[in-house]
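So the sequence lines, in the order shown, correspond to chains H and D. All letters in the first sequence, in the order written, are residues 1 to 112 by the numbering used here. All letters in the second sequence, in the order written, are residues 113 to 225 by the numbering used here.
Simulated from the structure, these hints should not be mistaken for lab results. Just so you know, even glycine gets a beta-carbon here, dropped at the ideal spot from N, CA and C. Fair warning: there could be bad hints in the mix.
As the list claims (entries may be wrong) - Now the in silico label distances, taken between C-beta atoms and shown as ranges:
#, chain 1, residue 1, chain 2, residue 2, range
1, H, Ser9, D, Asp123, 26 to 34 angstroms
2, H, Ser84, D, Gln136, 26 to 34 angstroms
3, D, Ser165, H, Ser14, 48 to 56 angstroms
Claimed, not checked - Examples of chain H residues toward chain D, derived with CB under 10 angstroms:
#, residue
4, Val4
5, Phe34
6, Gln42
7, Gln45
8, Thr51
9, Thr55
10, Lys58
11, Phe63
12, Thr104
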Amino acid sequence: AQSVTQLGSHVSVSEGALVLLRCNYSSSVPPYLFWYVQYPNQGLQLLLKYTSAATLVKGINGFEAEFKKSETSFHLTKPSAHMSDAAEYFCAVSESGNQFYFGTGTSLTVIP
Amino acid sequence: SAVISQKPSRDICQRGTSLTIQCQVDSQVTMMFWYRQQPGQSLTLIATANQGSEATYESGFVIDKFPISRPNLTFSTLTVSNMSPEDSSIYLCSVERRANEQFFGPGTRLTVL
């Protein structure tokens with residue numbers, strides 16, 4: 001069975017500070033892992049994905065995530081937060097690439 | 113990336129009525145997916161829609177409540193039937209465009225009074 005746990009439903013950071021959003025997964029096979037971002041009143045946009053290539057994945061808007069099999073984690077980071085990063089972030093796992101399971105989301109607030 | 117549009121973008125409906133949500137994709141895709149995002153919660157898969165066959169529903173979702181059509185490879189509809197306030201959610205369709213990558217529509221924001 002697949003599942004995703006996102007620690008921290010709300011994260012606040014100062015503008016320019018490091019962003020760290022946590023995601024842990026469970027999967028019986030090597031998974032595909034994703035981070036999506038949802039801006040207010042919009043649909044989901046793919047930030048980045050891991051599909052068994054490089055363990056450090058770079059995405060759009062300066063975000064990156066590292067797949068750590070030993071920790072079953074796929075945390076999302078950005079070195080310097082920008083006001084425009086304020087949004088809801090969802091981690092997702094898929095074993096087949098078709099059926100996705102989403103975490104409960106983390107709301108990121110950036111403080112000026 | 114895929115261009116996915118949904119209609120309507122939002123609606124306010126009365127209890128007991130039904131609403132049909134349309135999802136249009138800019139190119140042919142094999143599978144389309146319908147998700148629900150209840151207020152303050154994550155996405156939950158409702159069903160997978162394949163062209164030419166009946167949709168496959170996830171646990172907790174039934175065809176009588178959420179009938180789905182998939183008349184061709186670029187279009188699908190989801191109907192929310194006999195609505196109650198608990199059906200107030202964002203409904204999103206998605207497609208798998210590239211291998212292991214899903215693209216989402218902008219969503220339909222439904223409020224049931």
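Verification of the hints:
| no. | hint | result |
| --- | --- | --- |
| 1 | H:Ser9 / D:Asp123: 26 to 34 angstroms | 28 angstroms, holds |
| 2 | H:Ser84 / D:Gln136: 26 to 34 angstroms | 29 angstroms, holds |
| 3 | D:Ser165 / H:Ser14: 48 to 56 angstroms | 52 angstroms, holds |
| 4 | Val4 | 9 angstroms, holds |
| 5 | Phe34 | 8 angstroms, holds |
| 6 | Gln42 | 6 angstroms, holds |
| 7 | Gln45 | 8 angstroms, holds |
| 8 | Thr51 | 5 angstroms, holds |
| 9 | Thr55 | 16 angstroms, violated |
| 10 | Lys58 | 15 angstroms, violated |
| 11 | Phe63 | 16 angstroms, violated |
| 12 | Thr104 | 5 angstroms, holds |
Consistency note: the structure conflicts with the earlier hints numbered 9, 10, 11.
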